[in-house]
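Chemist: Sequence:
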Amino acid sequence: MRQAATVEKVVATPAALELIEQLKGLHGPGLMFHQSGGCCDNSAANCYLLGELTIGGGDVYLGQIGGCPFYIGTAQYQTWKHTQLIIDVIEGTGGTFSLEGPLGRAFHTRSRVFTDEELAALQLEGAG
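Residue numbers (full-length UniProt numbering): 1 to 128.
Hints were generated in silico from the structure; no laboratory data involved.
Incorrect hints may have been included.
[Claimed, not checked] With beta-carbon atoms standing in for the labels, derived distance ranges: (1) 17 / 52: 18 to 24 Å; (2) 17 / 124: 26 to 32 Å; (3) 97 / 117: 33 to 39 Å; (4) 92 / 17: 15 to 21 Å; (5) 25 / 78: 34 to 40 Å; (6) 13 / 37: 21 to 27 Å; (7) 14 / 51: 24 to 30 Å; (8) 26 / 120: 39 to 45 Å; (9) 8 / 37: 19 to 25 Å; (10) 57 / 83: 19 to 25 Å; (11) 28 / 93: 20 to 26 Å; (12) 104 / 50: 22 to 28 Å.
[Claimed, not checked] Here are the simulated SDA-like pairs of lysine to any residue, each with C-alpha atoms no more than 25 Å apart in a straight line: (13) 81 / 108; (14) 24 / 60; (15) 81 / 116; (16) 24 / 53; (17) 81 / 126; (18) 81 / 68; (19) 24 / 92.
Predicted model, so just to flag it, every value in this text is computed and none were measured.
Every residue, glycine too, gets a C-beta built ideally from N, C-alpha and C.
Kindly produce the complete structure, drawing on both the sequences and the hints.
Modeler: What follows is the structure, encoded as structure tokens:
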């Protein structure tokens with residue numbers, strides 16, 4: 001019997017993976033991401049040095065992109081839990097404290113609604 005594939009809650013485009021590798025080259029392999037809740041950072045995926053941002057009970061771990069953990073605040077997760085976050089790159093500046101800012105590029109979050117099958121799989125995994 002074939003086991004169903006795990007549904008990824010967050011994925012990265014090739015451009016985002018390339019930028020992550022560039023940041024690892026500049027700052028070392030210990031990076032992490034946190035999805036901004038809006039306001040000043042326009043709901044950006046912010047990249048930090050691992051441990052630079054304290055993760056607590058109010059954050060949800062979504063998975064990894066480019067080998068780096070990715071978190072989102074619980075309240076925002078409740079709004080977006082029916083979607084897969086797709087991390088991409090755009091030209092310009094991103095979050096105020098995000099590591100890629102000086103490079104003239106910014107991580108940008110897109111999303112797509114999970115299919116009914118994916119939502120069912122997430123519920124079976126206890127993650128929905």
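Chemist: Which of the numbered hints above does this structure break?
Modeler: No numbers; nothing is violated.
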